[in-house]
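*Asks:* Chains Y and A, in that order, give the protein sequences. Residues in the first sequence are numbered from 1 upward in steps of one, following my numbering. Residues in the second sequence are numbered from 1 upward in steps of one, following my numbering.
Be aware that a few hints might be false.
What the hints assert, rightly or not - Listed below are the simulated DSBU-like cross-link pairs for lysine-lysine, each with C-alpha atoms no more than 35 Å apart in a straight line: (1) Lys17(Y) with Lys114(A); (2) Lys20(Y) with Lys39(Y); (3) Lys31(A) with Lys7(Y); (4) Lys31(A) with Lys20(Y); (5) Lys19(A) with Lys40(Y).
To be clear, the hints were calculated from the coordinates, so they are not data collected in a lab.
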Amino acid sequence: MIVADRKPIEEIIGYLKDHKNILVLGCNECVTVCEAGGKKEVGVLASALRMHAKKEGNEVKIDEVTLERQCDREYLDEIRDSIDQYDAVVSLACGVGVQFTAEQYHSTPVYPGVNTCFMGATEKRGLWTERCQGCGQCILATTGSICPVARCAKRLFNGPCGGSTDGKCEINAEVDCAWQLIIDRLEALDRLDEYEKLCPLKDWSTDRAGGPRKVVREDVQQ
Amino acid sequence: MRLQYPPNIRIVRVPCSGKVDLIHILHAFEKGADGVCVLGCLEGDCHFNNGNLMARRRVEQAQEILNSIGIGGERAQMYNLSSSEGPRFAQYVTEFTEKIKDLGPNPVKLAKNKAA
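All chains, please: the whole structure from these sequences, using the hints.
*Replies:* Set out below in structure tokens:
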């Protein structure tokens, strides 16, 4: 899922300085799982913003809505009838949701309420780590399902570098060497001969490095 | 036991301190409470396993939020005691009321009263 982290309240208060009718818009998917922008966090943020506004003597109305997702038009349409009463929206969805909401409602400023970080998984509650960088050409089949693009600091494709020490990366003692993990896994799967096969040059044009990307499926388009 | 403790405390009974959520604490301050204290079982003795530990974490989250908006995190506190310790309850509650009296009224309540 997309992992995000809450923005400091002071930063959000700064965005909303001149606004009087605010909608705090949450998302029920990834940001709920990483406890940054779901229904609970929307309630907490709205309460904190109300208290701050009251303390400063500002008359502010803050409403709370949590949509199923903010990356699909059908869910964003649910607020079409009520959006005009607000002069600002704080979206607690990932960067995708913030932008898509702004595209659907281009006359209302939409501010981000979380910092979107990476695509990752929940190792345990309160710990989310990166697993995928969306390079567009998945090679997990040849690396025992461990990604060297996301997890190797140098994105090496044919084995560890000289900096790999005791299974840890040279950039940080807490970061696992992705290639150590790959070798261990291939060994456990009894497929170490795949390690010997050289990985060809990667086509990076499908990575973000080649510009903003899109996926087109003519067979499902209406 | 007929122990004396301050009358300006409003007791909300819950089956476990773990039932108290962060938003309940924040809503109390939003509605004008000067202080919120959560009283739970002694650590390790939670009747429902770890509810008091969850409550402590939520109180700490509330303190962080209250600090960041300028209300003051000291207004939210957690105390642990056994349900049989009547005198300790009176002591904690008195101590908390004194602390809140020193901190003064909730700035949100002051602003609301001024506007009204």
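*Asks:* Evaluate each hint against the coordinates.
*Replies:* Now the hints, each set against the structure:
no., hint, result
1, Lys17(Y) with Lys114(A), "holds, 21 Å"
2, Lys20(Y) with Lys39(Y), "holds, 22 Å"
3, Lys31(A) with Lys7(Y), "holds, 25 Å"
4, Lys31(A) with Lys20(Y), "holds, 20 Å"
5, Lys19(A) with Lys40(Y), "holds, 15 Å"
Hint compliance for this structure: no hint is broken.
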